[in-house]
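Using the sequences and the hints, build the whole thing.
Taken in sequence, the protein lines are chains A and B. The first sequence begins at 1 in this note's numbering and counts up by one. The second sequence begins at 1 in this note's numbering and counts up by one.
It is worth saying that the hints were derived from the structure and are not from the lab. Every residue, glycine too, gets a C-beta built ideally from N, C-alpha and C. Any given hint might turn out to be false.
Just so you have them, the derived chain B footprint on chain A, three or more residues with Cβ under 8 Å [to be verified]:
id: 1; stretch: 129 to 137
id: 2; stretch: 142 to 150
id: 3; stretch: 153 to 164
To give a feel for the contact side, a few chain B residues facing chain A, derived at Cβ under 10 Å [claimed, not checked]:
id: 4; residue: ALA62
id: 5; residue: ALA69
id: 6; residue: LEU73
id: 7; residue: TYR101
id: 8; residue: GLN220
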Amino acid sequence: MTFTIPTDIRRLDPQAVAAESDQIKKNAHIQYLAQENRVDVLDLLHDKGTGHWGGSSSVSEILTTLYFDGMNIRPDEPEWADRDRVVISKGHAAPMIYTVMAKRGYFPVEELDSLRQINSRLQGHPCMRKLPGVELSTGALGHGISVCTGIALASNLQKRETWTWCIVGEGCLNEGESWEGIMTAAKFKTNRFVVLVDHNKVQLDGPCDDIMPLGSLADKFRAFGFTVADHSYDGHDVNAIQESLAWAKSNDTSGPLCIIYDTHKGHGVDFMSDNYKWHGAPIGVDDYQSARPQLVETLKELEASL
Amino acid sequence: MSTTTAPQKIALRDAFGAGLVELGKTNEQLVALDADVSSSCKTAAFGAAYPDRFFNCGVGEANMVDIAAGLALGGQRPVCSTFALFLVLKGAEQIRNTVCYNKLPVIIAGGYGGLSDSYDGASHQSLTDIAVMRSLPNMTVVVPGDANGVQHALEQGLEMDGPLYLRLSRNPTPVYSNTCSEPLTIGKIRRLRSGSDITIAVCGVVTNQTLEAVDILDQQGVSAELLEVHTLKPFDTETLIASVAKTGRILTVEEHNVIGGLAGAVAECTAQHHPVPMKTIGVQDCFTESGDYDELLDKYGLSTQNIVAKAKELLS
Ligand SMILES: Cc1ncc(C[n+]2csc(CCOP(=O)(O)OP(=O)(O)O)c2C)c(N)n1
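Below, the structure is given as structure tokens:
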């Protein structure tokens, strides 16, 4: 079976979304696009008989907002030295990462069909040496914060004005290396480096509180020397995400920053949301048929505000 | 070594530290990282000379490797240094998944290689690093034997388009290569002596003991060809095979477990291209212990006499 982009939903022209100059309109369009991406990821995962729906859905609005507005990037020139960089340390969100990147113009949307297939550039977890635009090969959890600290140190050393964004989930924050990286970024007062926590409170094996309780993340980051936004943001609300990015950008000389987003793993489908079983399970026919209409219904609601 | 004056002795770590400072003068991309042992591994001098380009990451080797990778992604040329044992084993997953998988130009400089952290004992002695580093795709593995070798490997490593594992050593050891016609060239075996009866392959500071053994063998009428296999990967198959085709036998000498290091690389090569009888000298897959460095080398078989004896066994 070959995956084709379904035409039963209204599709935005992603280039137009990226180019939109009216901010209110742009935010509404990003909100819509993020939900459209969710439908596309669900379709793709069902079609390919593979998983990682939960963590993909969770990060949809954060990624779509960054790629379509938050970052200074040139998809047609992925090696541009003055680009902002995002490392998605939770590399298992690959289906969403690829969907957002394709729409942003890094590669043809049709190529999504090759996800996880032999000879594809779309590896199960992103590979920077295969797919231009991927800033770091991820998949093994826990590397992002350290590597981004290094990227940001280089940017600071070279007196560039670029931003380095690192998206982590709880899994990365279970890893001791992340906290070593956090201490290091704090020690060197790394500017324009932001850790974005996709805080959906569910891991692979169960709820975080059962697997490895993280306690108050804001307090932990603060104690380790980061400047943390004074409240968490709704990670499924593009306006809130935009506010959080504006907060970061107004703190460009405050050393390393942290923003915590309240999100839901598997967001958008009632029986999948907050349920660890949908971390990596493939989506069979019955579940697909119950899930998709829910996503489409929300999309239709969002259409009204376009 | 038939010279009458004793050769100059320089520790590889000192050559490394001085080399970094020197290269830092002209190479502005060069940055160094250490994990709270910069005074031991000698990156401290680089830190004093170029404080903006030195990052002491504290005792967190895995994190340090990834920070170095990030600096490389950002366009710098990082050299990441700490004790070989901790760098290679605590940083293994980072070296594999970040540095090697992404083919990043990071120099992984393992100080205190082999038994050279002798008094600290087995917890600090690095005898598996070559095996681990050699098995990682994209990694180049170089084990210099003297100060000149370190300098040359460092210069060449900073021009490479990918990672380099550079194994260093703690104690002052003789500079044997001043009289060599060619510098250490990464990827190319250096022939230190020509001979026809037996090939001896060596890497690292025990090249000194091996040179002495070759002189003794010579006095006893055995013509040994000595190959300095400083680059364990990529392996110079051509030079090695030409030598064993001539001599018909090979002895390997290394300050490493006999599993997976030089012996492994040589056996993989000869077994496929030109099988010959072989013997290996190295640590016999055991945990080692504290003591004077030279006494430890002797105890674990890396003495001039043992090299002579093993060569003769192979000849008989
Ligand atoms: C080092 C490492 N250990 C284990 C895994 C297997 N694994 C993949 S995702 C995951 C849990 C991730 O949880 P979280 O970061 O909260 O992701 P999200 O809920 O956002 O999908 C685990 C254990 C891995 N990829 N890397």
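Against the structure, the hints:
no. : hint       : in the structure
1   : 129 to 137 : holds (count 4)
2   : 142 to 150 : holds (count 6)
3   : 153 to 164 : holds (count 5)
4   : ALA62      : holds, 5 Å
5   : ALA69      : holds, 5 Å
6   : LEU73      : holds, 5 Å
7   : TYR101     : holds, 5 Å
8   : GLN220     : violated, 53 Å
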